[in-house]
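Participant: Use the sequences and the hints to build the structure in full.
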Amino acid sequence: MEKREVTFRIFRFNPKRDEKPCYRDYKLPVPKGMTILEALQFIKDNLDPTLSFRAFCRSAICGSCAVKINGFPKLACKTQVLNEVEKFGTDILTVEPIDNFPVIRDLIVDWEPAIEKLREVYPYLIPDPEVVPHTLEEESRVYPGELKKFDIFTDCILCTSCYSACTAVKIDEEYGGPFQLARSYRFAVDPRDALKKERAKVGLAFNMWNCVRCEKCADVCPKHIAPVDGIMKLRGLSIEIGKRDNPGARHVMAFYKSLLESGMLNEVLLPLRTKGIKGIIENLPLGVMMILKGKAHSPIVKPIDEHETLVGVMKAAMEVE
Amino acid sequence: MLQYDIVIVGAGGGGLYAALETSKKKGLKVAVISKVFPTRSHTGAAQGGINAALGNVAPDSPEKHSYDTVKGSDFLADQDAVELMCETAPKIIREMEHMGLPFSRLEDGRIAQRPFGGASFPRTCYAADKTGHVMLQTLYEQCLKNNVTFLDEWFALSLVHNGERIAGIVAVDLKTGEVHGIRAKAVILATGGHARIYWKRTSNALGNTGDGPAMALRAGIPLKDMEFVQFHPTGLRRTGILVTEGARGEGGYLINNKGERFMKRYAPEKMELAPRDLVSRAIETEILEGRGFKDDEGNEFVYLDLRHLGRKKMLERLPQIRELAIDFEGVDPIEEPIPVRPTAHYSMGGIDTDIYGRTRIKGLYAVGECACVSVHGANRLGGNSLLDIVVFGKIAGEDAANYVSEVSFIPFEESRVRDEEERIESLFSGDGTERLADLRNELSDVMTYGAGIFREEKKMRETLEKVREIKERAKRLKIEDTERVFNTNLQQTLEFLNMVEVAETIVLGAIERKESRGAHFRLDYPKRDDENFLKHSIIEKGEDGDLRISWKPVKITKFQPEERKY
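From first to last, the protein sequence lines stand for chains A and B.
Under numbering that gives the first Met the number 0, residues 0 to 320 are what the first sequence spells out, in order.
Under numbering that gives the first Met the number 0, residues 0 to 565 are what the second sequence spells out, in order.
Treat the hints with care, since some could be wrong.
[Claimed, not checked] Derived pair list, reagent style BS3-like, types lysine-lysine, alpha-carbon separation capped at 25 Å:
{"id": "1", "chain 1": "A", "residue 1": "Lys195", "chain 2": "A", "residue 2": "Lys116"}
{"id": "2", "chain 1": "B", "residue 1": "Lys144", "chain 2": "A", "residue 2": "Lys196"}
{"id": "3", "chain 1": "A", "residue 1": "Lys116", "chain 2": "B", "residue 2": "Lys174"}
{"id": "4", "chain 1": "B", "residue 1": "Lys293", "chain 2": "A", "residue 2": "Lys31"}
[Claimed, not checked] Output of the computed footprint for chain B on chain A, the stretches with three or more beta carbons under 8 Å from beta carbons of chain B:
{"id": "5", "stretch": "127–135"}
{"id": "6", "stretch": "148–156"}
What the hints contain is simulated information worked out from the structure, not anything from laboratory work.
On a predicted model such as this, the values are computed, not experimentally measured, just so you know.
From the three backbone atoms N, C-alpha and C, an ideal C-beta is built for every residue, glycine too.
Facilitator: Here you go:
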């Protein structure tokens, strides 16, 4: 059968011994069907037994083997080598440990910081005594439609790919992290949970408004979960329970208000509505520049045509949610 | 030396349930050690579901569940254990439901149930095709809630006891490479299965290497019914990765190269939903008799056809299976049938325990796939393994918690830690004339040849010789990686050494059991022989290091052995 020579350029590092990481090349013939994990195991078995990586189930359910292939986090076990070669148009694949974690050795990272954050977000059901029966003779009733609200988030395998790609994690040490906040949301909408919407406060405590909605977490998730969706909905719950006195919520409310008023985003009023006078002062130099360049619009915005229809659509959408 | 009241080895469903149970008792110091981060455990790969006679879809009872289980076991299961498991099933399902486990639901909000092989009713509770995954996540969440102590990525090396009571274990912290003694009043082994012995064709995770049974064997603790290894009918053609029984539960067909649903010849009534041993033999027979398919690489297979289920049902009920087939076989089951072949899947045999998970050594327990209670006998029914681990994990956890509050620690000889350090040192200084990958593949080939789906005396004898030869040659393995930090070369070598030891017990048991029963099928003894073999095989290591076999009666309560027809 036809095979293709592929070079694996692999990150090698033992912090206990090496001053800095290096990359080592391994060339091997790749048959159709070979996964990145099979290639790594081939290298370990035949070329270099010191190559260190984690792997377990081989079938994309245990979350052990997330690595970076040409810069993108992927599960080694479910990634076909030849697909990557094709996609990147190169016979050289760089394999590195995922970002945002300390490296223990080669492709093995220390998950502990992310798991520590998971432990902090109350990642478990706190049963609502009104819903969850007190005896083991009965089950709680959860209707299919209710399950649907959080079911996708229970697919998370803690592979930490999303955490490794997260922009907010990079800049904010206190940020809760995508899979962690998504799990908070999962319980917030579980009818059996006692905290329910109150769980949005956990999101607030872990800076959920610092998510910049880059959606990388959704792009890299091997289980096709979009943690960002959970975070957005958790934000929504925080507004519902009246936690509006923060820049994030005010920013969203300002958008909402703008649209209700005119159907257009009132950018001039946005800083004021989000951050108050402080916002005006902070944005003053930019504002002045914009006025000078003729880029600023008047603070009074005329409603768009069919504005009433838009408002109707918005209200209907709110009801559906 | 580290010291805990209870040490649990393994963090799959069995280990975590035991941990939860012990955490209910205040003041106990408990640690769970696991060679992988807890939610990586292989429980997570169980797709199809967990059996319990809830009767949510059709009237059902624990007694009927017991009967199906005993019949499925080919009457080798201990019926007191089966009854205990099946009676506990509805309660433990609800207990997990109350913990937040996201079961799939019926329109009226109750837990949904699907049909499974060997069951008389739709009895299998499920969460789409990710039941084990959500169970593992839910149990881990609850352990976090109860502040369970975890030693993640620690690998257990040996058991320490004084011939009567357990003193603790020796383990290596993989992150540092340091060997530690861990003193404990009770140890619960929950290390999982050993089907990885069939390295090249198995559904198992890379780490299902029989660490628990191997440690037990070395410590003089008997193993039971080791000859019984279940081959799951539907592994993916290339990798052996599993396609859940749920796929047949939802109505999938098995098709040969004549386009026939060939199960009509083997189980006219149950068809594709006959028990696993029967379906696996049917597929192998079709292939052996020339009615299978063959691909360019020489893989032989039949088709699992799900196309008639339609896109909607597939996406709703079997989304993971669809993705597996696409990622690993390049086949979208909505458009094309899936190429499958039986794959080594489940170890019915294991460490001999009673219904509380107790072993011969006081304070040493074993639960789940590494143990043999026995509830699965000669063949496990789909949906009963997840049930086994949670029921007996809970029972053993409770029993151990009571036990440790009544006893004190016994002495733990420091020299036992040095013994393990020396054993590891010697692996670094082997002469290196043998290679790990070669020996692993050879073991797989020879086990498939002599101790696979079809067995016969001559081939088994050859296999036994060969396994012993591989065990000798393994002494010449050398660990090439000399680093201490996360040495996966060391770990894989230790795992292989465990596998060879366990493999020998499988072949020995298979040779001695001169009958066919459940997953153990002998061409030279094709009939079940209740007169001579309605009994458990017990294998242990004597003082001289040789394996000895003896037998133990089967406990029969309600169900007298009868012919097993489907």
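Participant: Against the structure shown, which of the earlier numbered hints fail to hold, in ascending order?
Facilitator: none
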